[in-house]
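Just so we're aligned, residue 17 is where the sequence shown starts under this note's numbering, counting upward by one.
There could be a bad hint or two in this list.
[To be verified] As a list, the in silico EDC-like pairs of lysine to aspartate or glutamate whose alpha-carbon atoms are at most 16 Å apart: (1) K322 / D280; (2) K322 / E435; (3) K492 / E213; (4) K197 / E435; (5) K492 / E435; (6) K197 / E220; (7) K492 / D369; (8) K197 / E213; (9) K367 / E490; (10) K367 / E435.
In case anyone wonders, no lab produced these hints; they're calculated from the structure.
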Amino acid sequence: MELFPLDWVWLGYSLSELDRYSGNIGMGEVTMRWRFWGMLGAMVCLGQEVSAQNTSPNVAPALGVVKWDRTVTIDAKEPRPANPQTNLPVVAPSNELPPADFAGAKDRNELFDPTGPLEQGQIWGGLDYLLWWMTPNAISGPELVTRGNWNDSAPGAVGQTNTVIVGPAPNINYGGFSGGKLTLGGWLDFDQSIGIEFTGILTEQRSWGAYYEGATLPANQIFTNPTKALLPYQGSNAIGQWSTASTLKQAGIVLPPINNYMLDSNLRMWSGDISGVANWGRTATQSLDVLFGFRQMQVQEGLSLKGQSAYYDSPNAQYVTQSGVDAIASTNGFYGAQLGAKISEQFGNLKLDVVTKFAMGATVQNINFTGSNTVTTLGGATTTPGYVYTQKSNLGLHNATRFAVLPDIMVKLGLPITENMHMGVGYSFMYLSSVARTGNQLDPYINAAANPAHPIANMGNDGIWAQGVMFSAEWKY
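Produce the complete structure using the sequences and hints provided.
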């Protein structure tokens with residue numbers, strides 16, 4: 017008996033003895049044959065699919081799924097076109113473009129567009145060149161020097177027909193002052209909330225002068241200094257009339273003297289303050305600081321009148337020379353407490369600084385009168401105190417203390433040069449309400465031997481302003 021017929025073995029199927037005698041042989045044959053032909057058909061179909069894929073190498077395989085004990089899905093990429101330059105979709109152009117959204121877009125090169133946070137250095141400094149003008153020196157009267165006729169009863173006296181007032185002008189204008197301003201400051205904490213700042217200002221000394229030369233005058237013409245001879249006082253009001261300082265004619269001098277006069281004046285100023293700085297508020301482009309501290313200011317001014325005279329003393333048959341000087345020097349020192357504010361704002365690359373300060377205190381006024389008159393004859397030289405506007409009644413030092421205020425404002429616009437440096441241009445103004453000016457110290461009333469004596473010191477309450485442009489360089493670190 018054949019246990020494993022050839023046809024079953026070839027199909028990979030074997031029957032046990034139990035199967036052969038159980039009556040299931042016939043059904044096993046049919047089943048196995050269907051399985052054989054099904055497997056053969058599946059293999060043919062698979063071969064055709066593989067052949068079709070090999071004939072289309074530019075087409076990526078379709079989605080594949082691999083199964084293990086865990087299912088993993090791999091997505092294949094979309095197939096690329098055979099030629100990227102061909103078979104591209106054609107899109108008709110449109111005349112309408114979608115609206116562009118520029119909200120929030122900032123050009124850091126724009127001049128007036130905020131470019132970012134306002135720079136705040138831990139320490140800062142600045143150096144400014146100042147070109148300032150100050151209040152002119154007002155002369156008490158324009159009659160300091162006159163030109164008169166020697167044939168008049170009082171040559172050069174104001175009010176006579178032949179008298180001409182030649183100078184100086186009512187106001188002595190010193191012109192533009194060059195100066196400098198130094199600023200140093202720093203924050204005392206890293207939050208930049210409390211700091212300290214020092215500011216110093218110094219101007220040059222400017223001078224003014226005028227010269228009157230008698231040798232250039234026509235015959236019988238002289239230069240002289242007119243004064244007011246006092247008559248008796250009525251209460252506190254003096255009544256007087258103009259006369260001349262020259263008494264030579266009354267002394268019998270026949271030929272007119274040659275008189276030369278020179279006027280000169282000078283002015284200078286400096287100031288300094290030290291302030292605490294408290295930040296009031298700060299944004300990306302703005303900053304406000306409050307200033308509180310001490311302010312000092314000095315104003316120094318000088319005025320002098322120099323005269324020379326030469327004549328022939330006919331009664332004594334000798335030549336006489338005379339030289340004299342009146343000199344007035346004033347020093348005004350202001351001392352006071354100061355409050356202020358400093359505002360900074362960034363406009364793109366432009367930076368605007370506004371600083372306002374207001375000081376309140378007192379001005380100590382000091383005025384010093386000096387003068388001398390030297391007469392040289394055959395017997396020698398004799399010098400006496402005082403000349404024309406300086407006499408025993410006002411010679412020496414005089415002082416007074418007066419209440420004063422000092423407002424100060426500065427506006428400056430700057431551009432960055434480097435990361436830590438700005439260059440700018442600005443305007444500044446300050447005003448001191450109480451000073452003693454030298455021009456007001458020329459008392460034309462000469463009455464040194466009488467009571468009350470004149471001339472006297474005039475401790476005035478004049479004000480002085482200083483204003484002008486500034487060119488600055490500042491740095492922060």
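Evaluation of the provided hints:
no.	hint	verdict
1	K322 / D280	holds, 9 Å
2	K322 / E435	violated, 57 Å
3	K492 / E213	holds, 13 Å
4	K197 / E435	violated, 23 Å
5	K492 / E435	holds, 9 Å
6	K197 / E220	holds, 12 Å
7	K492 / D369	holds, 14 Å
8	K197 / E213	holds, 13 Å
9	K367 / E490	holds, 12 Å
10	K367 / E435	holds, 13 Å
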